[in-house]
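Protein chains in written order, with the numbering used here: chain X, 34 to 311; chain H, 34 to 311.
Bear in mind the hints are in silico, worked out from the structure with no lab data behind them.
Some hints could be false.
Computed Cβ-Cβ distance ranges for the label pairs, DEER-style [claimed, not checked]: (1) X:Glu187 / H:Glu221: 40 to 48 Å; (2) X:Thr284 / H:Ala304: 51 to 59 Å; (3) X:Thr232 / H:Asp267: 44 to 52 Å; (4) X:Gly307 / H:Arg286: 54 to 62 Å; (5) H:Gln63 / X:Ser86: 22 to 30 Å.
By construction, the Cβ of each residue, glycine as well, lies at the ideal position given by its N, Cα and C atoms.
Here is what each chain is made of, one letter per residue.
Protein chains: 2
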Amino acid sequence: MGGPDDGHGDPADRPTDVRPVDIRPADGAQSIRRALTILRIIAEGRDAGVSLSEVARVTEISRPTVHRIVRVLLEEGVVEQKPRSRRYAIGEQVPLLALARSSRSPLLAAAQRPLDELSQALGDTLFLTIRTGLDTLCVARRIGPFPIQVISLEVGTRRPLGVSSAGIALLSLIPPEQAADILERNRERFKRYRATEGTAAAEVSEARRLGFCIRNIGLVPGTKAISVAFTGPDGSLQAALTLAAVQRRLTARREWDVVERLRDGVGAIMAGLGGGKP
Amino acid sequence: MGGPDDGHGDPADRPTDVRPVDIRPADGAQSIRRALTILRIIAEGRDAGVSLSEVARVTEISRPTVHRIVRVLLEEGVVEQKPRSRRYAIGEQVPLLALARSSRSPLLAAAQRPLDELSQALGDTLFLTIRTGLDTLCVARRIGPFPIQVISLEVGTRRPLGVSSAGIALLSLIPPEQAADILERNRERFKRYRATEGTAAAEVSEARRLGFCIRNIGLVPGTKAISVAFTGPDGSLQAALTLAAVQRRLTARREWDVVERLRDGVGAIMAGLGGGKP
DNA sequence: CAAAACTGTCCATAATATGGACTCGACGTG
DNA sequence: CACGTCGAGTCCATATTATGGACAGTTTTG
């Protein structure tokens, strides 16, 4: 079938030791997994959506199969299709299902105050980003009082881990080989973002050394971002706090101050997460 | 396979006019459809969740199959399992996917003001409920200023069409045979709610005659609800505005006034929906 | 206006999902 | 306490279902 490698069918006489990269038991419901993979890619497209062939390319599932799956999701309202561009986007049913668990996430609850205070104190824009699977997902944003703000991300933006500052920081706090594995699995998607596995890996190493990530923001010239990543109390969740600003506001002197403040913010958020309900 | 079907394959000689509510073509991706059916049932359970065997019973899918599907959804974070009760509930991935389309729904946007004003004016609790597939789903609530309020529903509550006042009203505005079909397909689920197809059908007829639904609220003795249903501009959506109050506040005299006011509210919402973007 | 790229459809085939039968453990009842 | 009932979860032979190569139609690009 699909799969990036190998001459196909070798008639079952290796036990189970090869395990090509991922832990996926591969049994159970393959088509449902595929549907979810497709959904995540479509979610990246936000309101603009994603074209069929791009979904097929990125997921490495054949076009007819993607088409069939997407058609079911379409009929069920889980995705919708933009009439003009024929691109697919997340459909109304998803928010409706989400209503079933409308209680806000503990992370967001814990982060509100620290985000407000920090963005006031630092003056620039802050982002709170979580890791989910192979992606980063922006879940909160605060625009600071300084007159020039770098917006760059909306809440809800989803990207492959490795293309954003937050993604680098997040990768820097998981074990190197896992991080490498993730980069590998995202390789196909990086093309969309003018990123490569190699440069991402280098940045991750650097971030691992420093304890945070600082770099230019890819798509917006003259801007910089600093990200500090952290995990939930029991390692339950992985998130990053990011500051974005025009380059001139991030002089070498201020950098360290900002990192310090971000770390304080992270501390405050983690404290708020500490003793939740079981 | 499953499903309340008829003699299958009649080789294409009805144009497009029958369309029995949603004519499941049954081709394509069956297991994905099943997964979604299961998800919707699980969504009904809200935070408490739903047991495996109940999902199997209601969906009329065999337990092993439900289990296998649910296990995949579990691994993917789409559902989660309460450790204590082993019940399944909607998982964190669903809200995360929903973030991709965080722009609020046009209905909610249009309804905010009218809801606020009406609940102030009438004094009692209002609910805005939509139809989605075979379900009603509460999407907004306003608690009025009168000291005794009937809460009964949370935002996010999902129920089979036919068990709530709003559901009856909604069924009353779709063609009788479609409504009957929906009741039929929900029969298995009614048992959970002490409802039956028969009484629901009678109430729907009554509502169709009156143009609204009024009745006692099932689970809360001494309380009444009045629902007025409506559709979006191009028939795009079906929704109902409901008032709930203790019985003594709904004297026969006031009933008509309330219905009148609810109709005004519906008018205001529909006006707000009128000229959206194409 | 031709080439390229993309969406969507068909169908034989292989692989996948299916559910009956079974095990295990928890709970309740005589 | 022994027995019976009910629910969760597992196994595996089977046939149903999903799969993707090839093709057709349409829009975009050069």
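- Task: Report the numbers of all earlier hints that the structure fails to satisfy, in ascending order.
- Result: Going through the list in order, the structure violates no hint and respects every one.
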